[in-house]
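Trainee: Sequence:
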Amino acid sequence: MEVTRGNFREVLLKLERILPAAEFLAIDGEFTGLHTGQDVNAFDTPSQYYSKLRSGSMDFLLVQFGLCAFSYDKENDKYTHQAYNFYIFPKSPQIRSAPDPRFLCQSSSIEFLASEGFDFNKVFKEGISYLTQPEEQKLREHLEEKHKSCNNTISSSPGNEDSFQPIPIPDEYVSTIEDSCAHIKTFLASSEPEELVLGCCNAFVRKLIFQTVGQRFDSSVVQLESRLTDKRNRVMVVTRAGSVEERKKKQQEKKDKELQDLEDAVGFTSVLRKISESGKLVVGHNMLLDVCHVINQCYFPLPEDYSEFKEMVRCVFPNLLDTKYMSDLPLFKDKISSNALGHLFKTLSEEPFKMCIAKSEEDGHGYSSLDDKYHEAAYDAYITGLCFITMANHLGSLQKPEVNPVLPSSPLINPYMNKLFLLRVQDSPYINLIGEDPVVRRDHVFFVSFPKEWKTYDLTQLFSPFGSVFVAWLSDTSAYVALHHRNQASLVRKTLTQSDTYTVMTYAAHQQIQDGITNCKCAHSGGKSLCSSCVRKRVVAKQSVPSSPTASVRKRRLIEVLQEDSPEVQTSAPKRKRSLSFGDKTTYSNRIIDPIPEEQEMDIVGHTKQAASSQVTGDRVSDKNTKAKSTGGINSTSSSPSDDSKTQPKHKQFEESDMWD
Numbered sequence: 229m230e231v232t233r234g235n236f237r238e239v240l241l242k243l244e245r246i247l248p249a250a251e252f253l254a255i256d257g258e259f260t261g262l263h264t265g266q267d268v269n270a271f272d273t274p275s276q277y278y279s280k281l282r283s284g285s286m287d288f289l290l291v292q293f294g295l296c297a298f299s300y301d302k303e304n305d306k307y308t309h310q311a312y313n314f315y316i317f318p319k320s321p322q323i324r325s326a327p328d329p330r331f332l333c334q335s336s337s338i339e340f341l342a343s344e345g346f347d348f349n350k351v352f353k354e355g356i357s358y359l360t361q362p363e364e365q366k367l368r369e370h371l372e373e374k375h376k377s378c379n380n381t382i383s384s385s386p387g388n389e390d391s392f393q394p395i396p397i398p399d400e401y402v403s404t405i406e407d408s409c410a411h412i413k414t415f416l417a418s419s420e421p422e423e424l425v426l427g428c429c430n431a432f433v434r435k436l437i438f439q440t441v442g443q444r445f446d447s448s449v450v451q452l453e454s455r456l457t458d459k460r461n462r463v464m465v466v467t468r469a470g471s472v473e474e475r476k477k478k479q480q481e482k483k484d485k486e487l488q489d490l491e492d493a494v495g496f497t498s499v500l501r502k503i504s505e506s507g508k509l510v511v512g513h514n515m516l517l518d519v520c521h522v523i524n525q526c527y528f529p530l531p532e533d534y535s536e537f538k539e540m541v542r543c544v545f546p547n548l549l550d551t552k553y554m555s556d557l558p559l560f561k562d563k564i565s566s567n568a569l570g571h572l573f574k575t576l577s578e579e580p581f582k583m584c585i586a587k588s589e590e591d592g593h594g595y596s597s598l599d600d601k602y603h604e605a606a607y608d609a610y611i612t613g614l615c616f617i618t619m620a621n622h623l624g625s626l627q628k629p630e631v632n633p634v635l636p637s638s639p640l641i642n643p644y645m646n647k648l649f650l651l652r653v654q655d656s657p658y659i660n661l662i663g664e665d666p667v668v669r670r671d672h673v674f675f676v677s678f679p680k681e682w683k684t685y686d687l688t689q690l691f692s693p694f695g696s697v698f699v700a701w702l703s704d705t706s707a708y709v710a711l712h713h714r715n716q717a718s719l720v721r722k723t724l725t726q727s728d729t730y731t732v733m734t735y736a737a738h739q740q741i742q743d744g745i746t747n748c749k750c751a752h753s754g755g756k757s758l759c760s761s762c763v764r765k766r767v768v769a770k771q772s773v774p775s776s777p778t779a780s781v782r783k784r785r786l787i788e789v790l791q792e793d794s795p796e797v798q799t800s801a802p803k804r805k806r807s808l809s810f811g812d813k814t815t816y817s818n819r820i821i822d823p824i825p826e827e828q829e830m831d832i833v834g835h836t837k838q839a840a841s842s843q844v845t846g847d848r849v850s851d852k853n854t855k856a857k858s859t860g861g862i863n864s865t866s867s868s869p870s871d872d873s874k875t876q877p878k879h880k881q882f883e884e885s886d887m888w889d
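Counted the way the numbering used here counts, the sequence shown spans residues 229 to 889.
Read the hints as simulated data drawn from the structure, not as lab findings. Source: prediction; values computed, not measured. Some clues are possibly wrong.
Within a straight-line C-alpha distance of at most 27 Å, the following computed DSS-like cross-link-like pairs (lysine-lysine) qualify [to be verified]:
| no. | residue 1 | residue 2 |
| --- | --- | --- |
| 1 | K478 | K319 |
| 2 | K319 | K574 |
| 3 | K502 | K413 |
| 4 | K280 | K680 |
| 5 | K561 | K319 |
| 6 | K502 | K477 |
| 7 | K502 | K302 |
| 8 | K561 | K574 |
| 9 | K478 | K376 |
| 10 | K482 | K319 |
| 11 | K374 | K478 |
| 12 | K366 | K476 |
| 13 | K435 | K502 |
Taking CB as the label site, the calculated pair distances span [as the list claims (entries may be wrong)]:
| no. | residue 1 | residue 2 | range |
| --- | --- | --- | --- |
| 14 | P248 | S625 | 38 to 48 Å |
| 15 | P362 | E453 | 42 to 52 Å |
| 16 | G442 | D533 | 22 to 32 Å |
| 17 | P666 | P248 | 27 to 37 Å |
Cβ atoms here follow ideal geometry from the backbone N, Cα and C, with glycine treated the same way.
With the hints as constraints, model all of the structure from the sequences given.
Mentor: In structure tokens, the structure reads:
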């Protein structure tokens, strides 16, 4: 069911009955864009990931919110659902000091929504408004203060108003003010009409009219107010004051109308409050972005502190489940080739799974799985709910004795609760809302800075003596490099520390720089500026190594180090003339770099030098951007070195569907 400003109040009353009776709720959102700013990196920590999302995504707008309430009939052992598609757009109430929001649009996302038949006219003309709690509180306080002042004016004796210094009337406005006063005098002399609307004028002229009318007419006889027309023009409206009781009645009616306008402005925020108050399990697919936008637009601006964010999410949504995270765990991952929402639904419709059927409770208030309306928020929420039920029941089928059905209250669901999936993060792929985030070892990951002319091929060749690697670009001159063979990390620290062209440091050391714990400047200089500690290390290293060793000497020395520290390493050194240095003419071998099985999927969004392994074969293609959450098909490619005669390794190309789903 589509919900706009016209039928919102009716639907809101229905939700008061539907939500408490539901077994669980599924949600989904569509946005005007996804991300602008610093790109997510494969080795971001959960807190860094959140920080980038907060700074780079919250200026976009949630324009469609899908809500699907699933109910379980125990007697008939079947699910039913009711789905609602809310069109959302901030409409400022006719109250002074009301917010006038600004937001960003991303052309690729708008184009994608349009290609899927999204009705932008419905959003902009009939979209339901919303307010954050601070905005709502500020407007309520403003209204209370305004009407308190008006009531005091009504109760005071005529001519007892506070004195003020009058504003001199400029000559060009004298005739306008005099004409207005003449119209008011004529209006008061008759009984019809009930009110007089003066012509449109600017704010300064309105101020002069207020001032002059207050001087020439008794407040017990005439009342003057400004009002917005349907076309958003502000005009002056004159009414007869009447008795004190009549004036108080009119004032109360005006207050009630303005309070109703405020409730309309709160709008969609009321839906989220009812969802929160219900305490029901809220299910989504790759739902971190949905949760962040909902809280930021309708509750409070997202806090800078990561711990505060997790606490805020728990307060608003105490029970969350991300089907993207659930399907990515080993119990399901081995059976599901891709957990993009459409692929996930298709896989769960086949053996060994048994897809749940949940019919609509009312005509026009739901979907069929045959509708194929992906990228419509309520339909995606409906499909997400079906996937959750199917995976939950599959968990039950693996138990002895078998458990069926597996409801949200079942202990089997607990391991999947309150963990939000992090797309493209290498080894820490979720945020734990109810505890500490997973701690992972990254001893095999190195930060490398280098000249901007370097490509992925240069980095893979630099690390080729240590096996295959995974490269995650940070900028034109820096990247993270992860070793497939983790036991080679100590050899990297011993052998890749002597070049004036590049700088290699451990992941932990670079994180200290990022956190401001150390003053080391190596990571920001492309290897051309070193801190005192790094200088000392290189001086010691150079004292034991000739300044210009021949290729054969360097080769032998490297073999000796490798054999001493790692017996299983082959004694044949890679066939290249010398270590890579900027400006050197380099001869590359045709060595094949083995792929990294557990790291093949990763790629980095938004940079022309995207993260790529030396040979990447797609494992699982992430999908959230097949929805309107698309930044527009940024491809992940690696440029080759200047020597065009060398055949470069091919890298995986990511399509638009690889972004956020």
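Trainee: Run the distance test for K478 versus K376: straight-line Cα separation, threshold 27 Å.
Mentor: holds (14 Å)
Trainee: Do P666 and P248 keep their Cβ atoms within the hinted range of 27 to 37 Å?
Mentor: holds (35 Å)
Trainee: Holds or violated: 38 to 48 Å for the Cβ distance of P248 and S625?
Mentor: violated (30 Å)
Trainee: Between K561 and K574, is the straight-line Cα distance small enough, at 27 Å or below?
Mentor: With Cα atoms ~14 Å apart, K561 and K574 stay inside 27 Å; holds.
Trainee: Quick one, are K374 and K478 close enough, alpha carbons at most 27 Å?
Mentor: The hint holds at about 14 Å.
Trainee: Given the proposed pairing of K366 with K476, does the C-alpha separation stay at or below 27 Å?
Mentor: Within the cut-off at roughly 24 Å; holds.
Trainee: Would the hint linking K482 and K319 be met if the CA-CA limit is 27 Å?
Mentor: holds (20 Å)
Trainee: Assess, step by step, whether the Cα of K319 is no farther than 27 Å from the Cα of K574, and give holds or violated.
Mentor: violated (39 Å)
Trainee: Take a quick look at whether K435 and K502 sit within 27 Å of each other, Cα to Cα.
Mentor: violated (43 Å)
Trainee: Take the C-alpha atoms of K502 and K477, compute the straight-line distance between them, and say whether it is at most 27 Å.
Mentor: Outside the cut-off at roughly 33 Å; violated.
Trainee: Holds or violated: are the alpha carbons of K502 and K413 at most 27 Å from each other?
Mentor: violated (52 Å)
Trainee: Would you say the C-beta atoms of G442 and D533 sit inside 22 to 32 Å of each other?
Mentor: Given about 51 Å between the Cβ atoms, the range is violated.
The structure fails hints 2, 3, 5, 6, 13, 14, 15, 16 (numbered hints given earlier, in ascending order).
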